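So the chains spell out like this:
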Amino acid sequence: MYTVRIIPCLDVKDGKVVKGIHFENLRYAGDPVELAKWYSDEGADEIVFLDITATIQNRKTLYKVVEKTAKNVFVPLTVGGGIRSIEDIRNLLNSGADKVAINTAAVKNPQLVKQAAEIFGSQCIVVAIDAKKVFEARTSKKVKKSCWEVYINAGTTPTGLDVIKWAKDVERLSAGEILLTSIDADGTKQGYDIELTKNVVDNVSIPVIASGGAGKIEHFIEVIKKTNVSAVLAASVFHYKKYSIKKVKLALKNHGINVRI
Amino acid sequence: MIKKVGIINYGAGNLMSIYKAVKVFGLQPIILDKQNNNVDMLILPGVGNFGAAIKNMQQNGLFEQVIKFFEFGKPILGICLGIQLVLKNSQEAKNIHGLGLIDGKVVKFKLKNLVVPHMCWNIVKFEKEDTILLDGLKKEEYFYFVHSYYPVIKQKEIIFATSNYGINFCSMIVKNNLVATQFHLEKSGQKGLKLLENIITYFNKL
Chain A
1 MYTVRIIPCL DVKDGKVVKG IHFENLRYAG DPVELAKWYS DEGADEIVFL DITATIQNRK
61 TLYKVVEKTA KNVFVPLTVG GGIRSIEDIR NLLNSGADKV AINTAAVKNP QLVKQAAEIF
121 GSQCIVVAID AKKVFEARTS KKVKKSCWEV YINAGTTPTG LDVIKWAKDV ERLSAGEILL
181 TSIDADGTKQ GYDIELTKNV VDNVSIPVIA SGGAGKIEHF IEVIKKTNVS AVLAASVFHY
241 KKYSIKKVKL ALKNHGINVR I
Chain B
1001 MIKKVGIINY GAGNLMSIYK AVKVFGLQPI ILDKQNNNVD MLILPGVGNF GAAIKNMQQN
1061 GLFEQVIKFF EFGKPILGIC LGIQLVLKNS QEAKNIHGLG LIDGKVVKFK LKNLVVPHMC
1121 WNIVKFEKED TILLDGLKKE EYFYFVHSYY PVIKQKEIIF ATSNYGINFC SMIVKNNLVA
1181 TQFHLEKSGQ KGLKLLENII TYFNKL
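One line per chain: the protein sequences are A and B, in this order. So in this note's numbering the end of the first sequence lands on 261, straight run, no missing numbers. So in this note's numbering the end of the second sequence lands on 1206, straight run, no missing numbers.
Some clues are possibly wrong.
Claimed, not checked - Listed next, the in silico DSBU-like pairs over lysine-lysine satisfying Cα-Cα at most 35 angstroms (straight line):
hint	chain 1	residue 1	chain 2	residue 2
1	A	K16	B	K1023
2	A	K71	B	K1175
3	A	K189	A	K226
4	B	K1110	A	K168
5	B	K1108	A	K246
6	B	K1194	A	K242
7	B	K1003	A	K71
8	B	K1068	A	K71
9	A	K16	A	K71
10	B	K1055	A	K168
11	A	K60	B	K1055
12	B	K1003	A	K60
13	A	K114	B	K1034
14	B	K1112	A	K144
15	B	K1138	B	K1191
16	B	K1156	A	K253
17	B	K1004	B	K1156
18	A	K226	B	K1108
19	A	K60	B	K1004
20	A	K68	B	K1194
21	A	K68	B	K1020
22	A	K247	B	K1191
23	A	K253	B	K1138
24	A	K37	B	K1191
Hint data in this document are derived by calculation from the structure and do not stem from the laboratory. All values derive from a computational prediction rather than experimental measurement.
The following block holds chain B by itself, in its conformation from the complex (with noise of 0.2 angstroms):
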């Protein structure tokens, strides 16, 4: 069962809103600064620059422990930027490489008639069914999205949702024990906290 949750640090933004939505659970947030190997779960955040997240996560430790995690098989959620750290490369920092856990690359949108960045509540459409990450959703949901950039997926299997904004794009990935979301689920109102919810079931049950 997981009971601590570990939110990393990458010393800009706002880990509040993660930081309480993970309390409503009951669970016990940590907020990391440096190496800490006794939590159970992992939260990359949202919110931060690409390369200036890799480089503090390299400073203190943090990057080697996110790619042992995910080797051992212990769940990590990624959201916004966080699903965007777990891929190879982005266009956001160039020569930086990501913790590539995920074969993908993050692109910057460039549409001519909508506002960059795409800041709004959007439909999330799920391509998967009969999942319990699914429990109690429908399957198209709005969820906030705040971002700039977004991941390019390989592996197409491993995309769990859609949206579309211009173009369409991956805003969920599930691979085994990790889970990373585009969109901010805990800034997304009841429907958000529900996702968190699920997820955290699906990881115990892993």
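Chain A extracted, bound-state conformation (with noise of 0.2 angstroms):
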């Protein structure tokens, strides 16, 4: 049967991985080239690399960082940060990314994804969403209905769409597949956001990966339990060695989750 994808995520900043808090407080955490290269050792399925200052200033640099870092990486590599065109998303497949996630650019020019998607297939467009929770509405005197709104540019604007809607919005773009970071709960090690998670899983027939707040093993189980999610992403806990992925892939082997080992 299928297996849950446990995915390292590498924060790059000037062709360094950094981790912070919210968003904020960026410390460093390791060499792109270094760390990718030990993850897919390691065990795990899928490496996420994100460029979180990416200016049109470095994108050649990027394509080089993501050139040597895919070098020595025999699993998946998704690269997001700073796409802007199907040139773009060119250089970064040409430069040895599997997948492209885009984030700020989906919500400003939505037919990017599309045509993305037509061009590269559904397979290889990730769309990032960066999830802020806004209020509980009431549906009745009674219940009470959760709300996040979609940030762009690294977690600065808001933007006034509904997280749930955009997520449908880009299944049907012909998005192969979500990224959902939720900002309240990035770097807080308190772990994922299960109510946001499950609500856009519930939603869509894509698969979801659960971003923001890995910081126990229990976290892990608790969001695959709950939500049904198709992969989880984490950074700080495997960058400071606190677990290393096989650790993590045990414990979730032993509470009856299917995964690679």
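Assembly of the complex is requested from the two constituent chains, each provided in isolation within its own frame, with the hints serving as guidance.
Here it is as structure tokens:
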């Protein structure tokens, strides 16, 4: 049977892996080339590489780092950050990415997602959604309904878009996968946002990757069991070697979750 | 001995993963945009659309080259979309004929409780034994899959491996000088590289 994917994420700034809290207070966590090779050899099911300070000026540097990183990686590599055009996607794929994650540009120009899926195939196009809880609306006297807003520009700009609605839209635009990050949970190590993740998973039929908040093995188990998510992503717990990927996978297996070991 | 490996470019998608993997074994990968008979082996890589890939190959002469290559008994490896292109037709592109090297068709997953594409590591169950292709591999191994369509093969004896995603399907075929996998061996870590190495050894002994 199919397995849940465990994905280490490299947030890369100026060619170095960094990690922050709520997308801020970044600190150094390693070299992307070395970390990626280590994860690939250690049993990561996939690796996500996000250029978090992507600007037009440093695109060429990015392609070089991606190329160096991809060289030693023989598991799927997803690269995101600053993608604005079909040409950017083509350059990243030529540098060794297997998939690309589009965030801000997907919101500003949804047709880019559709066009990219037509050219490169849906399997190649991941839409990254950064979500922040905004309010709990009362649908009736007793029932409260949570609501999340889509943020862009590395979590700095609210868009007014509802996360669930946007997730359905990107599926309709032929995205192959959704990388869902909770800004509220990011870097807190307090666990994934279960409610948010479940809401998105239940509303789309493409794979969803849960991201933001992993701090303990129990958090992985909780989000997989409670939401039926296709993959879980984490950064700090792996970079600072709190847990190895293998250790997380063995624990999941012991809890009856299918993983590749 | 295989030295030059032609990787067919359908004009869309990532060829770098297979390019890197071929290089690991000291072979010389060459990206083919047009007919080039000066290669020892052909790879039909993954990623892309059935109809677009066939049309592209028809335009640049690679469609004929693959068929000739097959008839001459030269080694061909198909990966992901590659295992589908060698069949007769696909639900992904009606009215377009595949390479037709193997009798079979491509159908779409219709699953109630599982997401499509089938995008994950899944078990590949090898149906054959005692072959050089399985050197260093167990009877069942995990490989990486990304696909929405799967091959249905008429000639059951060429089915080399099967997998299950809601239903059982053929995930690898071996027919003399043609080997094809539905999974991405070039993205399946060390086991994937081992299988690629075995395939090259198998081809060298043909």
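Quiz item: Any of the earlier hints contradicted here, and which numbers?
Solution: Going through the list in order, the structure violates no hint and respects every one.
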